[in-house]
Every structure is written in structure tokens, then in C-alpha cells.
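Asker: My request is simple: use the sequences and hints to build the entire structure.
FYI, the numbering for the sequence shown is 97 to 460, going by this note's numbering.
Honestly, the hints are just simulated from the structure, not real lab data. Being a predicted model, the structure only gives us computed values, none of them experimental. A portion of the hints provided could be inaccurate.
Cross-link-like lysine to any residue pairs, in silico, SDA-like; alpha carbons within 25 angstroms at most [as the list claims (entries may be wrong)]: (1) Lys138 / Lys455; (2) Lys378 / Phe358; (3) Lys425 / Arg448; (4) Lys121 / Val331; (5) Lys142 / Glu131; (6) Lys138 / Arg251; (7) Lys125 / Tyr414; (8) Lys246 / Asn123; (9) Lys247 / Asn284; (10) Lys222 / Pro170; (11) Lys378 / Arg308; (12) Lys121 / Arg334; (13) Lys455 / Leu404; (14) Lys121 / Lys247.
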Amino acid sequence: MAFLQRFAIVLFSICWLAATANPPKRNTKISIVGEKFYINGKPTFKGRVWNGYKIEGLLPNSRMVQATFDDRNPTTRAQWAYPDTKQWDPDRNTDEFLAAMPVWKQHGLLAVTLNLQGGSPQGYSKDQPWHNSAFNEDGSWNPYYWNRLKKILDRADELGMIAIVGFFYFGQDERLKDEAAVIRAVDNATDWLLEAGYQNVLIEINNECNIRYDHAILQPERVHELIQRVKRKKVKGRRLLVSTSYGGGAIPKENVVREADFLLLHGNGVSDPAKIVDMVNKTRAVAGYRPMPIVFNEDDHFNFDKPLNNFVAATSAYASWGFFDYRMKDEGFDEGYQSVPVNWQISSPRKRGFFEKLKEITGL
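Answerer: Written out as C-alpha cells, the structure reads:
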């Protein structure tokens with residue numbers, strides 16, 4: 097098995113070098129002007145106003161971090177079996193994700209949050225014995241994860257969609273043996289994305305930097321060092337836009353605000369929509385803030401049938417909002433976008449509630 101893994105890495109590296117020598121022409125480019133996101137030189141939803149709230153420049157998104165999921169731990173892998181086949185299949189998971197993307201886009205979804213170490217496949221987990229990481233312990237990459245990521249980024253590029261690509265997730269960051277491996281992983285991922293020519297990518301160094309990370313450089317006091325590192329890397333004068341996120345209700349720290357290109361908030365635990373607005377206002381008051389986009393890319397509060405909910409509240413404060421849906425107790429396969437195995441279609445009342453509200457707000 098070790099020989100086969102080494103052979104796969106070598107083969108993928110050869111293919112990667114060939115592909116990045118002459119990367120294909122890309123169709124979708126994201127940029128930032130002040131507080132607005134632009135795609136291909138135009139603000140998103142140009143001229144759109146909904147219920148008196150400006151939508152132009154926002155980036156509605158959904159947390160889809162299991163798009164490249166796999167489990168390298170043979171003792172836990174069987175937990176993720178599909179109900180029809182009784183087996184887990186990472187390629188099926190990615191293929192079904194790809195098939196759903198055009199439907200999401202038709203409803204106004206512009207961005208999906210991915211993560212190279214996934215997220216809890218149970219929604220929330222105390223322990224994470226499974227092994228879901230695109231990185232090996234030394235910071236090199238696993239070619240099977242990267243092949244699946246490439247398919248997603250290519251399809252997003254074709255559709256005019258953006259991928260918020262997270263590198264690390266707490267509970268999995270310890271799969272890297274030391275700080276040097278973390279840095280090597282950041283360099284490898286950044287180099288690959290740049291050299292492959294992707295321009296439809298935003299980088300999230302790690303999901304919720306203030307939650308239980310083993311490596312100090314991924315914790316709040318030092319994570320800005322990795323933001324700086326990504327910003328310094330350029331190919332043909334182009335770099336990636338980068339930030340990191342914080343746990344539910346937390347306000348970004350000054351060191352990140354000063355370095356990030358955009359700011360990522362989470363609404364987990366924030367059930368009062370007024371507090372969502374308060375979070376946005378407090379973020380804009382942090383020392384070092386200048387006009388830049390504020391994005392919620394994780395929030396597990398819904399109430400889409402009510403006139404005021406967290407989605408509407410964020411929109412009213414001119415912040416983009418992201419849907420976080422997981423399978424709750426006693427729910428079935430059709431529920432949740434984070435719980436594995438995933439039904440990636442709009443397959444439940446909760447999913448339909450989000451996408452219908454999204455379509456209403458964006459006017460699509």
C-alpha cells in the first residue's frame with residue numbers, strides 16, 4: 097500500500113507539473129473593490145436591491161465542506177456508507193456534488209465553502225477519530241483529494257461560481273506532525289492553486305481559528321502569519337485573496353483584520369438576528385478595519401419563512417450570509433449538507449427554504 101501511495105503521488109506530481117506549465121484559460125475571476133465582491137470585473141448582482149437592502153456586491157454562500165471528503169481510517173470508514181449501496185464512495189460523493197452545482201447557481205448561490213480537512217461529518221462532534229485530510233503528515237498532499245478538488249474548482253469556474261477553500265479544520269490539524277508541516281501544506285496548496293491558474297478562489301486558512309487547534313500557528317495570536325504568507329506568493333503578478341474564520345459569535349482580532357482581504361464571521365449560537373447585525377457593526381469597529389467585505393460563511397439558524405432571520409439580518413447590515421446545514425437527530429439521508437453521506441440535491445424542506453429565500457433576495 098505504501099508503494100502504491102508513493103507511486104500515485106509521483107504520478108500526480110508529473111501530471112500537475114504538466115498541467116501547470118500551461119494552465120487552461122479560466123472563465124471566472126473574483127476581485128474586491130471596497131466592501132464589494134466583483135466577478136469578471138462587475139459587482140455581483142449589479143443594481144440589485146431587495147426590500148430596500150443593497151444586494152450588489154454580496155456573495156451568498158453555503159457550507160459544503162464535505163465535497164472532497166474521504167476517511168483514511170479503516171475503523172471509522174464504514175460509518176459513512178450510503179443507504180442504498182451500504183458502502184462509502186468518495187468519488188460518488190464528489191460526482192453528485194458536481195451534478196448539483198448548476199441547480200444551486202440557478203437559485204443565486206455564488207459561492208461554496210470547501211475545506212481540505214472537511215468539517216465534522218456529524219455536524220458537531222466531540223471527538224474526530226476519522227482521518228479526512230488532503231495533507232499527509234509532512235505537509236505534502238494526497239493526490240486523491242486534490243483530483244476531486246480540481247474537478248470542483250473547474251466546474252465552479254465554468255459556472256461562474258466561487259470557492260472559499262479552507263485549508264485546515266480543528267480535530268484534523270493534528271494529522272500534520274509539526275509547524276513546519278503546516279507551513280509546507282500552506283505553501284503547497286497556495287502554489288498549486290496559483291500555478292493551476294484558478295482565479296475563482298478565496299482562501300480561508302482555517303475554520304474557526306479560535307477553536308481547539310493543536311498547532312500554535314493556526315491559533316488566533318499567530319494565524320495572521322499564514323495570511324501574510326499566502327499574500328506574499330504570486331504567480332505572474334497575481335495572488336490569492338485570503339482570510340480566516342472565527343467560532344460562532346466571535347469578532348475578528350486586530351491582527352487578522354489588518355492582514356485579511358475580507359473578514360469571515362460565523363453565526364453559530366447566535367439565535368437573535370439583532371445580534372448578527374451587532375456582530376457586523378463590532379467587526380467594522382475593530383482597529384485596522386478599512387472598507388472590505390464581511391462574510392458569514394457558517395450559520396446554522398434558519399427560519400426562512402419568517403420576515404426576520406439571520407440571513408435577512410446579515411443582508412440588512414450589508415454582509416454576505418452562508419447556510420450551514422447538517423443532519424439533526426433522527427433525520428434521514430435527504431437532510432443536511434455537512435453530514436456524510438450527503439444528498440447534495442435540494443432534497444429537504446430546510447434546504448428548499450434556504451434556496452427559495454436566496455432566489456427571492458437575489459432576484460433570480
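Asker: Look at each hint and say if it fits the structure.
Answerer: Results of checking the hints against the structure:
1. Lys138 / Lys455: The given pair, whose Cα atoms are some 20 angstroms apart, holds under the 25 angstroms limit.
2. Lys378 / Phe358: 15 angstroms, holds
3. Lys425 / Arg448: 19 angstroms, holds
4. Lys121 / Val331: 15 angstroms, holds
5. Lys142 / Glu131: 14 angstroms, holds
6. Lys138 / Arg251: At roughly 21 angstroms apart (the allowed maximum being 25 angstroms), Arg251 and Lys138 satisfy the hint.
7. Lys125 / Tyr414: The hint holds at about 22 angstroms.
8. Lys246 / Asn123: With a Cα-Cα distance of about 15 angstroms, the restraint between Lys246 and Asn123 holds, given a limit of 25 angstroms.
9. Lys247 / Asn284: Cα-Cα ~18 angstroms, so holds.
10. Lys222 / Pro170: 20 angstroms, holds
11. Lys378 / Arg308: With Cα atoms ~24 angstroms apart, Lys378 and Arg308 stay inside 25 angstroms; holds.
12. Lys121 / Arg334: 15 angstroms, holds
13. Lys455 / Leu404: 16 angstroms, holds
14. Lys121 / Lys247: Distance ~15 angstroms between Lys121 and Lys247 Cα, so the pair holds.
The structure shown violates none of the earlier numbered hints.
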